[in-house]
Amino acid sequence: MVKYYVKRTLLGSTLIVGLLIITYLLVYIAPGDPAHVWAGKPRGPKATEAIELARKELGLDQPLHIQIVTFMIRFLTGNWGVSIAFKQPIADVILRSFKATAELLLFSYMIAIPLGLALGIFMALKRGSKVDLLLRLTSSMFISVPRFWLALIVVFVFYLIGFQSLGRMDPRFSIEFKEVTGFYLLDSLLILRVDIFLDVLTRLTAPSLIIAVYPVFSIAKYVRYTLSERFYEDYVIEAVSLGISRISILTRYALRGVIPAVVQLAGINFVYSFVETTIVELVFMREGIGKILVDGILRSDYPLIVAAFFTVSLILVAVNTFTDILQKRLDPRVTI
Amino acid sequence: MVLNVKKEFAVQAEALSLGYEDLGSVFWAVRDVHLEIEKGSSLCIVGESGSGKTTLGNAIAGLLPPYVRVAGKLVIEGVEVIKDSRVIGANKIRGRIVTKIPQNPATSLNPYVRIEQMFYDVLRDVRGIREKRIAREEISKLVSAVGLEEDVLYMYPHELSGGMSQRVTIALALASKPSIIVADEPTSNLDAYLKGHIVRLIRDLSDKFGISLVVITHDISITEVVCKDMVVMFLGEIVERGHVKDIIRAPLHPYSSELIEAVNLESASYKPKKYAGGCVYHARCPHASNECLKPPPLLKLSDGREVKCWRQAR
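Taken in order, these protein sequences are the chains called U and D. Following my numbering, the numbering of the first sequence begins with 1 at its first residue and continues without gaps. Following my numbering, the numbering of the second sequence begins with 1 at its first residue and continues without gaps.
Just so you know, these hints were derived from the structure itself, not from any lab. Hints should not be assumed to be uniformly reliable.
What the hints assert, rightly or not - Below 30 Å or equal to it, Euclidean Cα-Cα: the simulated DSSO-like pairs (lysine-lysine) are:
1) U/K87 x U/K7
2) U/K126 x D/K195
3) U/K130 x D/K195
4) D/K195 x D/K208
5) U/K130 x D/K83
Said to hold, decoys possible - With beta-carbon atoms standing in for the labels, derived distance ranges:
6) U/K130 x D/F27: 22 to 32 Å
7) U/M1 x D/S188: 52 to 62 Å
8) U/S129 x D/G50: 53 to 63 Å
Unchecked claim - Looking from chain D toward chain U, a few residues come up when the C-beta cut is under 7 Å (computed):
9) G95
10) T99
11) L172
12) S176
Quick caveat: nothing in here was measured; it's all calculated off a predicted structure. Think of the CB as a built atom: it goes at the ideal place given N, C-alpha and C, for glycine as much as any other residue.
Modelling step: build the complete structure from the supplied sequences, incorporating the hints.
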C-alpha cells in the first residue's frame, strides 16, 4: 500500500518536472528574444536595462539544459521573482489569488457533490418515470449551456432580488476587515462579524452556483445510470431476497458500489472547473488564479504566467493523485 | 379422536401464470401452473433453460421484477402473494418467510463489506437483533452450521473460494429463520466434488430446521440426493410430477426421459423449441402424433404422480 503511494507521488512529481520544462521551452520558443519576452516586452528608456536583467535571470548565456536546471532550481526553492504587472513578489500574488480560487472551488464542490448525488439517487429511484425523464433532459441542458451566459443571468437575478454578487466583499467593509487566513468566509467568522460573513457568503454563492452546474449535473447523470444498473446486480437482488431494509440496500449495497467512481468523476470535473473559474472570476470581478492568468497574458507578464500555470498544474496533479488513491482505498477488491 | 388432518401447505399455486411485458406483447414464462408444496417437504423443479423454472422460483421467493405480468393465485405460508392478476404480498414474504440461495454465490455477496456485515444487516433488519453481542453469537452458530471457520467473517467476498461463498450464502439464507428456502441452481458453479457437499448440506440443514425446500435445477443428477418430490417443467408448463425415485426409475413423460438421458450425455441431436399450441413438447417429442396438436390434460395417477401426455391418457 505504501509502495503504491510512493509510486503515485513519484509519477506526480515526474509530471510536474515535465510541465516545468515545457513551460520554460514555451517562453524560449516564443517569437523574439526570450529576455525581451521574460522582461514583459518592455518599451521606453529603461527597456534595455530590464532586458539585460532578464537575460541574467534566465542565464541565457548558458547552454539550454543548464538554463532549464537553473530555472527549475529557482522555481522549486520558491524564488519566483517579481511580477511585472503587479510589481509584487509573484509568490505573494499567486498565494493570494490561489486562496480566493480555492475558496470558490471548495465552496462550490461542497454544494455540487451532495446535490449531484442526491439528484442522481432520486432519478435512479424514479427511473423510467416522467420526473426522471424531465430531470435527465434538464441535466443535459445544463451540462451544455454556456456558463458565462448563465453567469450573466445569475448576476442579473441576484441584482433584481437585491443581492450583490460581484467581487469578494462589499468595499465598505475593506477597512474593518482583517485578513487572517485569506479565506474570507473563515476570516469574517474569526473577527466575529456576522454582517461581513453574510455579505461574503452571498457574493461567494453566486459564482459557486455557476461552477457547480457542471459537476452537479454530470455527477447526477452518472449516478442515475450506474445506480440503476446496480439495482439489478446479483448482490443487490440477494440482499432484497434476504429481507434487508431498503435504506440499507440503497446506501450500503447499491450506492456503495457507485461511490469510488463518483470520487474519480469529481476529480476529473474539478480539473474542468478550474478552467471554468477563469471565466467566472472575470464575470464576477473576483480575484483568483484565473483572473491572474488573464491579466498576466494581457500584460505579457511571463514570469507570472509561468508561475500561475505551474501552480494550476501542481494542484491538478495533486487532485488527480488524491482521487486515484481515494478511489483505490474505497474498493476492497483493489490491492494496492 | 377426530381424524381431521388438514394438510398444511408451504406453497399453493392455482392457475398461476407469470409473464414479462416485451414491446407491448406479453411473453408468458410460466403458464397455468397448479402446484402444492407441503410444509417441511422438499421439491425439485427441473427443466432446461427457458422452461420457466427460475421465474417460478423467483415468484415463490417474492422476487418478481416490477414489470412482471401475473395471473392466477399464489399463496405462500398463508400469505397471499399473487391474487387477481396483481402481486400484492411479495414484500411480506421476502426474507421473512422465504429466502433464496443464489446461483452465483461469488457475485451475490456485497463486494464492498466484510462477510459479517451482511449477517448483521439481516439479523437487524429481519429479526430485529440490534445488540452486537447477541448478533455475534447467532452468527457464530450459523457459520459453524455450514462448516466454516469464523475467520471467514472478517474476509471480503473476493477472498473466498466458490465453495466457501456458497456456504456463506446458505448461512445467510438461514440467518432470518425462514420457513421456505428457494435454491436456484445452487450447484451450477461448483465442481463435482463440491456439488455433492453443498447439496447434502442444503438437505441436512433444511431437515434439521424443518424448512420447506424448493430446489431449481437443470441437473437431474442432484435431485435424488436433495429432494423427495420433483416437477418437470417444459416451456412454462409442468409436464410431470411425482416422487423423485419414481420419475427417475420410470419417467412417464418423454421430456423426463430426455432429461435423464442428458445426465449420461446421451441426448440426441438438439431440436429448437417453440410453442405453437397443443402439447408444449410436441415439436421435440419422438412420439409426437396428430393427437398432440391438442393440449393434453394433466392426468392424476396413483401415488401423487401427475403427467401431461396423451400417451399416458390412452
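Here is what the structure says about each hint:
1. U/K87 x U/K7: violated (40 Å)
2. U/K126 x D/K195: Distance ~41 Å between U/K126 and D/K195 Cα, so the pair is violated.
3. U/K130 x D/K195: Not OK: U/K130 and D/K195 at ~47 Å, beyond 30 Å, violated.
4. D/K195 x D/K208: Status holds; Cα separation ~20 Å.
5. U/K130 x D/K83: holds (29 Å)
6. U/K130 x D/F27: 22 to 32 Å: Taking Cβ atoms as reference, U/K130 and D/F27 lie about 26 Å apart, which means the hint holds.
7. U/M1 x D/S188: 52 to 62 Å: With Cβ atoms ~37 Å apart, the hint is violated.
8. U/S129 x D/G50: 53 to 63 Å: violated (31 Å)
9. G95: holds (1 Å)
10. T99: holds (6 Å)
11. L172: With Cβ-Cβ at 6 Å, under 7 Å, it holds.
12. S176: Holds, because the Cβ-Cβ distance from D/S176 to chain U comes to roughly 6 Å (cut-off 7 Å).
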